[in-house]
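Novice: With the sequences and hints as input, model every part of the structure.
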Amino acid sequence: MRDPHVVVDGFTYEAEAIQGWLNGSNDNSPMTNNKLDPHNLVPNYALRSAIHDWLQNRQNMMYFVTVFNRQNMMKYK
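This note's numbering numbers the first residue of the sequence shown as 1 and each following residue consecutively.
Everything hinted at is true.
Derived CB-CB ranges, DEER-like: (1) 53 / 30: 21 to 29 Å; (2) 66 / 24: 39 to 47 Å; (3) 37 / 63: 41 to 49 Å; (4) 52 / 26: 25 to 33 Å.
In case anyone wonders, no lab produced these hints; they're calculated from the structure. Glycine included, each C-beta is placed from N, C-alpha and C at the ideal position.
Specialist: Take a look at the structure:
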């Protein structure tokens with residue numbers, strides 16, 4: 001998820017996906033079937049930040065694993 005937005009139903013959706021849903025023939029929530037206001041999409045900054053942090057930590061961990069594996073391979077050559 002790159003651009004999470006929350007709507008009045010309380011669920012968070014990818015902005016492009018929910019906008020596409022609402023711009024189509026749908027004006028109800030895909031989760032609750034309640035009426036949604038297509039102009040009331042609010043960025044979910046907390047989730048965006050959590051995703052960013054998770055991706056950053058994952059990238060750092062992958063780097064550590066790669067370096068660790070290379071060092072261990074050198075020991076046993």
